[in-house]
Structures are given as C-alpha cells and as structure tokens.
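Engineer: Sequence:
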Amino acid sequence: MRQTKYFLKTSKTVSEDEPTVNGRLLEQAGFVSKLMAGVYTYLPLGLRVLNNISKIVREEMNAVGASELLMPMLHPKEIWQTTGGWDNIDVLFKINSRTEKEYALGQSEEEVVTPLVLSRVQSYKDLPLAVYQIGWKFRDELRAKSGLLRGREFLMKDMYSFHVSQEDFDRFYAEAKQAYFKIFTRLGLTAKATEASGGSFSQKISYEFMVLTDAGEDDILYCETCDYCVNVEITELKSGASCPKSCGGLLTQGRASEVGNVFDLGQKYGKDFGLGFTDVGGNKQYPVMGCYGIGISRLMGVIAETMNDPKGILWPENVAPFKVHLIALPGKDAENVFSASDKLYAELIESGVEVLYDDRADTSAGEKFADSDLIGIPHRVIISQKTLADASVEHKKRNEDKSSLVSLDQVRQIL
RNA sequence: CGGGCUGUAGUAUACCGGUAGUACGUCUGGUUUGGGACCAGAUAGACUGGGUUCGAUUCCCAGCAGCCCGACCA
1 MRQTKYFLKT SKTVSEDEPT VNGRLLEQAG FVSKLMAGVY TYLPLGLRVL NNISKIVREE
61 MNAVGASELL MPMLHPKEIW QTTGGWDNID VLFKINSRTE KEYALGQSEE EVVTPLVLSR
121 VQSYKDLPLA VYQIGWKFRD ELRAKSGLLR GREFLMKDMY SFHVSQEDFD RFYAEAKQAY
181 FKIFTRLGLT AKATEASGGS FSQKISYEFM VLTDAGEDDI LYCETCDYCV NVEITELKSG
241 ASCPKSCGGL LTQGRASEVG NVFDLGQKYG KDFGLGFTDV GGNKQYPVMG CYGIGISRLM
301 GVIAETMNDP KGILWPENVA PFKVHLIALP GKDAENVFSA SDKLYAELIE SGVEVLYDDR
361 ADTSAGEKFA DSDLIGIPHR VIISQKTLAD ASVEHKKRNE DKSSLVSLDQ VRQIL
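Residues 1 to 415 in our numbering are what the first sequence spells out, letter by letter.
By construction, these hints were calculated from the structure, which means they are not laboratory data.
Remember, it's a predicted structure, so these values are computed and weren't measured experimentally.
Possibly wrong hints are sitting among the right ones.
[Stated by the list, open to error] Heads up, simulated BS3-like pairs for lysine-lysine below, C-alpha to C-alpha not over 30 Å straight-line: (1) K34 with K9; (2) K204 with K268; (3) K386 with K332; (4) K101 with K268; (5) K12 with K311; (6) K368 with K332; (7) K55 with K332; (8) K177 with K125; (9) K101 with K271; (10) K311 with K368; (11) K323 with K271.
Required output: the full structure, derived from the provided sequences and hints.
Structural biologist: Below you can see the structure in the form of structure tokens.
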C-alpha cells in the first residue's frame, strides 16, 4: 500500500485517560480508534493484524478437523431461557425491539450451535464433530478497561465439539490444547495452560491459556521447572510453594491475561435442548460437548502490550500488518529516489511481499522514521540519495539497532 | 453494581461569578529534507439539563461520559 493513499494517520499525542500501553500504542499508531469504553473501530492497519491472527487460528482449527461457519450475533430470548442464561448470566446484553420483543447479543454461542448441529447430526456415525467461527461477541461489562484487553465488543474464535463419549471428548480436548499451544507459539507468545474454575459452564476445572503481563486481570501461580500452572482463584497454594507435581520446582506468582480457554461442557447443552444422537445400540444419548475460545482482538492487545519499546510496537512477523516498510527519502533528488522506490515497490508487490510504502513527498525523514518505529513493521527498507549512490537500500529490522546496506539486486533475498 | 476522582480546542493546561488565554497538534503557503526542522497565516473549546444570581464555564443539583479501586469475568 502506498501511504499517501492509505487511510492511516498516526498521532503525536494520546489522551491520558488511556493508561495501558496497548491502548496508547494502538491508538497512537493508527491501528484502532476508540468509540467508547471497550468498543473500538479497527482501522486498516488494525484489521490487517486481526486478519493475520485469525488466519493462524483458522489454520490450526482446520488442522484438528473443525469446520468453519458463521453464526448470528443477534439471538432470540427463548434459546437463552432454555439454558438458563437469560436470568443467570449478568454480562448478557439484552435488547428490545420496537415491538418490545426481547433479544440477546451473543456472548458465546452454545445456545445457537447446539440445536444447529444436533438437528442435523443424530447418529453416532456422524460424531465426533467440531465447528467453529470467528465472530464478534458482546459482553455487558460493568467496567471495560485496559485497551483491547477487556472490551464490551470483541472478536473471538469459538469452537464447539460433539462426542459420543467422555473418552472421545478427552482425546479431542487434548488435541485442541496442543493446537492452542501451536497457535500461541506461532503468534510469538508464551502461553501457559492454567487450571481454573469452570465458571458457570462446568463443575470441572477448565484450562485457561495465560500470557504473563501486568495489564492482565488474573493472578496465576506457575512452576519454574515444569509446565504446571494454576489460577489463584482455585488453589490454596502460595508463591514460593513447592510444585504439586513433585518436579522439585517452586511456584511463582504473576499477573496474566487470558487469551484462550477450553471447557468440558459435559452433556448440559444437549439435555437443555432435549437433543441428542442415536448410539450404536439404537438408544438416544446426549453428546459430550466442549467449547474452546480464543480472544482474537484481545490477542492483538496482548501482543502490543508485551512487544514494544519506547518508540513503538514490535510486531512479530506472523502478525505484523505488513512485512516491509519501504521508506523513500526523496531529499534533493526526488525524481530518482521515487523512481527507484516505485520500482522496488512494484517488484516487491509482484513477488507477493506485503509492503507499506511511505511515498510521502513532503514529510521529513525524522517523522517517517518515528512513524515507522511507532507502527512497528518488522523490516524497514530505506531508499535515498545516499543509498542510491551505492545502488543499494538500507535495511534494518525493527527489533535490532544495526542497519546494513543491501544492493538493489539482493533486496529480494533478504525479505 | 459499591466506593472514589474528573469533565475547558485533537492533546496538555491557564484564568475567572462579568461568556476564555497559552503550548503542542492539525490545516494552508513558503523555506527545508537521514531521527518528529523553521517562518508566516489559519483552525478549533467550557459534556447535557435544571437551579441560585442582574449575570454561571466558574457555585448547587441531576443526568451523561471517562478513568481508578473493588466486585464481576463462559
């Protein structure tokens, strides 16, 4: 994209009412615009990041055999009454039509997916089955905060699985957890699978995937030696205690943000709706279900929150809105510089490299550098009179200090 | 939802019971052009409603909004 044509405006200031790093950086660098507390517009740069995260999530969900679909956000009151959520879930957004008909905005989709799937899948032969979507969720939070970390409207991947037995559920549950680890690793994050309460969902423990950050809202205890991790809400253990897995390690307490979770739903939803399947013996049974969430927009916030320096964001390559930030410094030789940078831009596009091209003619070098650092694209390539004198460009990675001259012929090889 | 703080321009602020000034930003023009350059000009503001008062941005009340602590958190 040419910056002169792109809808991208960075800002030199940001309101002091936005105290978290992710909220400030994302707002200032032009990724998001806050409409009200907990509700954001995702600007072109921000949308690219959401799409990149979604792409990785989608690939790993497809890899465990789940089918993507898209369910409604506007729900009839009745399905929420069926499961008891209408009266018991306080974060459920409820709205009235002009004829006083009542609706809910989806904050999770068990109420939609259970009848949807079980009205079509009624034989053990069709199970197991998993479906997922990436869609907007609404939660009537009393206190939205921390930039993208706790919103009233947010993008979430939610998967639902249906199984003939607890054993088969357990098998898939383990696979899903592994897929989650893959996702977070690909995003450049270290997530800890944390034992936590099942909430109103389940009596059993659930696993929350936690990323350590002070901007988070959960306190977790994690082992320094093994992968044991537990939410303090369900344990008597304290920081410094020995790991209960007898690995010899000690537990450390830390603040974390929940970027994903997996739940064993048991047979609740099949029973609530009175929908099940016919087993091999011809008997009706309720499936064992699981649900698996990943907060896509929250992940964007967590990444910005944890990967930055005083100048701006440091996006991992898999997530970055563009791979390369090509910057032309026209100087006194605008004609030649732009001619060379236009050519390189075209070549990069031609070979499929995602590049943001700062082709602004009247912007100072310092301002371009500051914008580039703020936005945080992993590779910066500069073309100027100076570099052209050597028939080269200057290449610098966002997370490194040193830059190097690379000849125009070889630029493609390093990107 | 309980408790608290705060609402003056995009941001940060000043003054004031007699209807607002500065800086930065932004925009335009010019000079610049390797780390947010310079000059000139312009732009833009008292959250909303009620009350007290001759007069309210200022004092009082209510609402709304934002932020903080807690609670909550599928």
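Engineer: Each hint should be assessed against the structure and marked as holding or not.
Structural biologist: Structure-based check of all given hints:
1. Between K34 and K9 the alpha-carbon distance is near 14 Å, which keeps this suggested pair within the 30 Å criterion.
2. Pair hint K204 plus K268 holds up; C-alpha atoms about 13 Å apart against a cutoff of 30 Å.
3. Between K386 and K332, the direct Cα distance comes to roughly 11 Å. Compliance with the 30 Å bound is thereby established for this hinted pair.
4. A threshold of 30 Å between alpha carbons decides the hint, and for K101 with K268 the separation of about 27 Å falls inside it, so the pair holds.
5. At most 30 Å may separate the alpha-carbon atoms for a hinted pair to count; K12 and K311 meet this at roughly 12 Å.
6. For the hint pairing K368 with K332, the CA-to-CA distance comes to about 16 Å; that is within 30 Å, so the pair holds.
7. Proximity of K55 to K332 is assessed by CA-CA distance (about 43 Å); at most 30 Å being required, the pair is judged violated.
8. This hinted pair checks out: K177 and K125 have alpha carbons roughly 25 Å apart, not beyond 30 Å.
9. At most 30 Å may separate the alpha-carbon atoms for a hinted pair to count; K101 and K271 meet this at roughly 26 Å.
10. About 13 Å separates the Cα atoms of K311 and K368, which keeps this hinted pair within 30 Å; it holds.
11. Pair hint K323 plus K271 does not hold up; C-alpha atoms about 49 Å apart against a cutoff of 30 Å.
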